[in-house]
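Each protein sequence line maps, in turn, to chains A and B.
Positions 0 to 330 (numbering that gives the first Met the number 0) are the ones given, in order, by the first sequence.
Positions 0 to 330 (numbering that gives the first Met the number 0) are the ones given, in order, by the second sequence.
What the hints contain is simulated information worked out from the structure, not anything from laboratory work.
Identical chains share a label here; the pair holds if one copy fits it or two copies do between them.
In silico DSS-like links for lysine-lysine, alpha-carbon gap of 30 Å or less:
1) LYS299 to LYS248
2) LYS267 to LYS248
3) LYS129 to LYS30
4) LYS79 to LYS97
Protein chains: 2
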Amino acid sequence: MIIDVHNHVVSGDRLPSYQSFLISGRGFHGKGHPNITEESVAQAKFSGKSHEDLLTEVGTDMAFISPRPFTMMHAQKPEKIVHYFIEASNDTIALAVKLSPTLMRGVAGLPQCSGQSPSVALEELERCVKELGFVGCVVNPDPGEGDGQTPGMGDEYWYPLYEKMVELDVPGIIHSAGCLNPRESFHNHFITEEGIAVQSLMRSTVFDDFPNLKLIVCHGGGSVPYQIGRWRALDRFSDYEETFDQRLKKLYFDTALYNTESLELLFKIVGPDNCLFGSERPGAGSSTNPLTGRWFDDIKPLIDDIPWLSDEDRQKVYEGNARRLFTRFKD
Amino acid sequence: MIIDVHNHVVSGDRLPSYQSFLISGRGFHGKGHPNITEESVAQAKFSGKSHEDLLTEVGTDMAFISPRPFTMMHAQKPEKIVHYFIEASNDTIALAVKLSPTLMRGVAGLPQCSGQSPSVALEELERCVKELGFVGCVVNPDPGEGDGQTPGMGDEYWYPLYEKMVELDVPGIIHSAGCLNPRESFHNHFITEEGIAVQSLMRSTVFDDFPNLKLIVCHGGGSVPYQIGRWRALDRFSDYEETFDQRLKKLYFDTALYNTESLELLFKIVGPDNCLFGSERPGAGSSTNPLTGRWFDDIKPLIDDIPWLSDEDRQKVYEGNARRLFTRFKD
Numbered sequence: 000m001i002i003d004v005h006n007h008v009v010s011g012d013r014l015p016s017y018q019s020f021l022i023s024g025r026g027f028h029g030k031g032h033p034n035i036t037e038e039s040v041a042q043a044k045f046s047g048k049s050h051e052d053l054l055t056e057v058g059t060d061m062a063f064i065s066p067r068p069f070t071m072m073h074a075q076k077p078e079k080i081v082h083y084f085i086e087a088s089n090d091t092i093a094l095a096v097k098l099s100p101t102l103m104r105g106v107a108g109l110p111q112c113s114g115q116s117p118s119v120a121l122e123e124l125e126r127c128v129k130e131l132g133f134v135g136c137v138v139n140p141d142p143g144e145g146d147g148q149t150p151g152m153g154d155e156y157w158y159p160l161y162e163k164m165v166e167l168d169v170p171g172i173i174h175s176a177g178c179l180n181p182r183e184s185f186h187n188h189f190i191t192e193e194g195i196a197v198q199s200l201m202r203s204t205v206f207d208d209f210p211n212l213k214l215i216v217c218h219g220g221g222s223v224p225y226q227i228g229r230w231r232a233l234d235r236f237s238d239y240e241e242t243f244d245q246r247l248k249k250l251y252f253d254t255a256l257y258n259t260e261s262l263e264l265l266f267k268i269v270g271p272d273n274c275l276f277g278s279e280r281p282g283a284g285s286s287t288n289p290l291t292g293r294w295f296d297d298i299k300p301l302i303d304d305i306p307w308l309s310d311e312d313r314q315k316v317y318e319g320n321a322r323r324l325f326t327r328f329k330d
Numbered sequence: 000m001i002i003d004v005h006n007h008v009v010s011g012d013r014l015p016s017y018q019s020f021l022i023s024g025r026g027f028h029g030k031g032h033p034n035i036t037e038e039s040v041a042q043a044k045f046s047g048k049s050h051e052d053l054l055t056e057v058g059t060d061m062a063f064i065s066p067r068p069f070t071m072m073h074a075q076k077p078e079k080i081v082h083y084f085i086e087a088s089n090d091t092i093a094l095a096v097k098l099s100p101t102l103m104r105g106v107a108g109l110p111q112c113s114g115q116s117p118s119v120a121l122e123e124l125e126r127c128v129k130e131l132g133f134v135g136c137v138v139n140p141d142p143g144e145g146d147g148q149t150p151g152m153g154d155e156y157w158y159p160l161y162e163k164m165v166e167l168d169v170p171g172i173i174h175s176a177g178c179l180n181p182r183e184s185f186h187n188h189f190i191t192e193e194g195i196a197v198q199s200l201m202r203s204t205v206f207d208d209f210p211n212l213k214l215i216v217c218h219g220g221g222s223v224p225y226q227i228g229r230w231r232a233l234d235r236f237s238d239y240e241e242t243f244d245q246r247l248k249k250l251y252f253d254t255a256l257y258n259t260e261s262l263e264l265l266f267k268i269v270g271p272d273n274c275l276f277g278s279e280r281p282g283a284g285s286s287t288n289p290l291t292g293r294w295f296d297d298i299k300p301l302i303d304d305i306p307w308l309s310d311e312d313r314q315k316v317y318e319g320n321a322r323r324l325f326t327r328f329k330d
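My request is simple: use the sequences and hints to build the entire structure.
Put into structure tokens, the structure is as follows:
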């Protein structure tokens, strides 16, 4: 079985149309009516294809779908429009799961708001898990969307959220949202924020304080596995008995990298026990790789072809680790 | 011959002592007297050893030395103390080169100042090249040191500096300085800023406007080679005829990575023609790797052991590419 833990909802036009209404009006009209229905979600396409088709044609058996991160608008004001939009996004996800119950599960977007405690997001997280049956959540390490003001993920600022995640036993997928700073695209900001989040966590007491916290770093961990030598060497400034590699084992990583060399590096550095299949398909990698003729995000063949991975390794990456972490997922 | 293009001066105590005087007094005392002499530089040690010994014991024949980046304090105010300190740093480098003329050459620090045009640094660059015989310069993509306010390196903000670099025919080493934002260490900020700089340059007309501009991205290019699949796939949103990989060939990369897997990835993705040996030794990698018993920054054996590199590839990485770029370097 292939479980894709890093996957985003294909919503159709009504959700962005609702977002446009919220941002333009700045909340003047109140919550309004998203008008997102089973029918509108069922008709949604990406590049002319349904989400179901895009998943099944590459052999994905189960996708954990979350809001499309770059749209989450956590830094927009007033805060109520963030809440309205994230609620509508999660409701859209719930409809998609209802339409494809054997192929999809929900991962909650959180109404994190720049300048506020993450505790403002707990009610929505609870709703998604307890009422909508979602199995995880997306944690944006930078709700300021490029303003550099939110404390690193090792800071106690995050503790109300970690406490709730542990209580509900839901893993968090570390994935930033937009980037309002013109010097950086949101795409590169994902990678930037993953590096910052990992370094902050690795120099914190978060996993002492929350030993059952489960965090997955997207895009193969941003820059971290490639820059591993640096972090190993800098252990000489560390207060920890464990090495950087040992501490890194407390984190998990998805496989959303679109070339063999980088996937190999990921598996070699963090090990298959800490990797979960994730492709974002459809998303950043949804264009044809001229070398293979397939879309870049069709990465299972790349992983299948890595000769030194064992069948057991692959089973863990494709399914086993996801089942171990996402305990709320039932077939 | 082994040329290390990413190397920093071992200054001894007088340069940091001068920095402390400047920062504490905020320029009240004027320029003052750094009191850095041939003797004080000759006696400088890193971890009990001289810079000469640290280089020769790993087989480095020539090191291009620049200021230690995290000390460059580009965001300190008033601006005059940045100018004073960078001048003193460059003078220290000139003394080190004078003491080790067969082993070292100077790479200029630039008195970039947060909130100002890079044109404020041109006089010092010219002094370093024309009077002190330096062969290159360090370009800090973020003189705001974590404030996110400086335009990306693809912006015309940078053109006065690029123009001067081309006129003087000196390569620029892209390397950020400190990081005043508590959510990120300066070490991680290096990596962050390299990713941002590359993406900004790759989506700009800089190399059309300055076809002879030579830029070297430190630390193996930050996150870029590892995340290459993402940038390849996103070519579908690009206005360029050339692919991302083709455009990336306009940049150069050092080898300051401290493990075989990452070095292999670097060479595979950007190719040996675009890589220059750089180790930072002594610097971030100067602690013992328990797997080898050598310091992490002793990376020549790692590159020697990559079986698929040819002797010609290695010659380019160790020497040929550096000679091609640093035309002002003469034996």
